[in-house]
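Quick mapping for you: the protein sequence lines, in order, are chains A and B. Each step along the first sequence adds one to the number in the numbering used here, with nothing skipped, and position 88 is 91. Each step along the second sequence adds one to the number in the numbering used here, with nothing skipped, and position 54 is 55.
By construction, these hints were calculated from the structure, which means they are not laboratory data. You may find that some hints are simply not true.
Calculated from the model, a selection of chain A residues having no Cβ within reach of chain B, i.e. all distances over 12 Å [claimed, not checked]:
1. 18
2. 61
3. 65
4. 67
5. 75
6. 88
7. 111
Pairs of lysine to any residue residues, derived as SDA-like cross-links and limited to a Cα-Cα distance of at most 25 Å, are as follows [as the list claims (entries may be wrong)]:
8. B:103 to A:62
9. B:52 to A:66
10. A:81 to B:103
11. A:71 to A:11
12. B:103 to A:15
13. B:103 to A:17
14. A:27 to A:71
15. B:52 to A:105
16. B:52 to A:81
17. A:27 to B:52
All values derive from a computational prediction rather than experimental measurement. Note that CB positions come from ideal geometry on N, CA and C, so glycine has one too.
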Amino acid sequence: DAGVIQSPRHEVTEMGQEVTLRCKPISGHDYLFWYRQTMMRGLELLIYFNNNVPIDDSGMPEDRFSAKMPNASFSTLKIQPSEPRDSAVYFCASSSRRSLYGYTFGSGTRLTVV
Amino acid sequence: GQQLNQSPQSMFIQEGEDVSMNCTSSSIFNTWLWYKQEPGEGPVLLIALYKAGELTSNGRLTAQFGITRKDSFLNISASIPSDVGIYFCAGLPNAGGTSYGKLTFGQGTILTVHP
Numbered sequence: 004d005a006g007v008i009q010s011p012r013h014e015v016t017e018m019g020q021e022v023t024l025r026c027k028p029i030s031g032h033d034y035l036f037w038y039r040q041t042m043m044r045g046l047e048l049l050i051y052f053n054n055n056v057p058i059d060d061s062g063m064p065e066d067r068f069s070a071k072m073p074n075a076s077f078s079t080l081k082i083q084p085s086e087p088r089d090s091a092v093y094f095c096a097s098s099s100r101r102s103l104y105g106y107t108f109g110s111g112t113r114l115t116v117v
Numbered sequence: 002g003q004q005l006n007q008s009p010q011s012m013f014i015q016e017g018e019d020v021s022m023n024c025t026s027s028s029i030f031n032t033w034l035w036y037k038q039e040p041g042e043g044p045v046l047l048i049a050l051y052k053a054g055e056l057t058s059n060g061r062l063t064a065q066f067g068i069t070r071k072d073s074f075l076n077i078s079a080s081i082p083s084d085v086g087i088y089f090c091a092g093l094p095n096a097g098g099t100s101y102g103k104l105t106f107g108q109g110t111i112l113t114v115h116p
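If we strip away everything but chain B, and leave its shape as in the complex, we get:
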């Protein structure tokens, strides 16, 4: 089946540094999503991207939908300790029919922020 390759697998950074992570696929996706998961909780949606080339921000977070529709990246600027968690990309291969909801998740990027 379709797979998303997310990198890096983990990051250890100092507070205040910027963070960048990305997701690539061999297949085209029509929707890209970025989630954050904190310990003991379910993933929480951060940003949703619906059009190739789209650049969307949510506070210190910025995500882009790659022009080829096979990749996406997430940037976090000026990281703070509460940014700690696992970040997942997720993709949806097409916009409707019985494929709705069949998100494919990346393996996650574990982010550790040192104060």
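With the rest of the complex left out, here is chain A:
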């Protein structure tokens, strides 16, 4: 299994631009999570999906952030417009209830907004 695949690994963009982060979860996992990691705030859960349906998006910072999961093998996290304070590492993770919280994280996307 290739694990959770995120792209791109690094993204540098100018303030105001739209950014789209992509995630392919592990096949058969029915939960998908988007986390953000910063030095100041640590790991924060932004949103999670179960069977492609958003369950809890209370961690999404503001309306500039949106996430979709059009099918079981793909999810996107979009920031529009991006701001310098959005600079962070964004992780996608997937899990199955059968694995009892055995999350598998992707390698992350390091986003820098200048």
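Given chain A's structure and the hints, the job is docking chain B onto it.
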């Protein structure tokens, strides 16, 4: 919201030494997890604990779920250079419903091992 207090924030040790770190909370958690993160990678699950008082080992790693359900510790015995990384505790407040997946992470313990 719920917070986990993880300590110490960082550790500098010599190869071969044992390591201990812990996590405490003001709230009860039903599941405790320990992750390790290496540079440029996402966290990797090391140990999962599901019952108060549970003691679980994974090689040189041992973790315990505190009897009060408000704390957990992780021990690493006979540390080696590849143990370097950031160790995170994470807790889950209850076992199901819409709270599934809402892990709360500690701030991490940065471990440096000198050969």
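Numbers of unmet hints, in rising order
2, 7, 9, 12, 13, 16, 17
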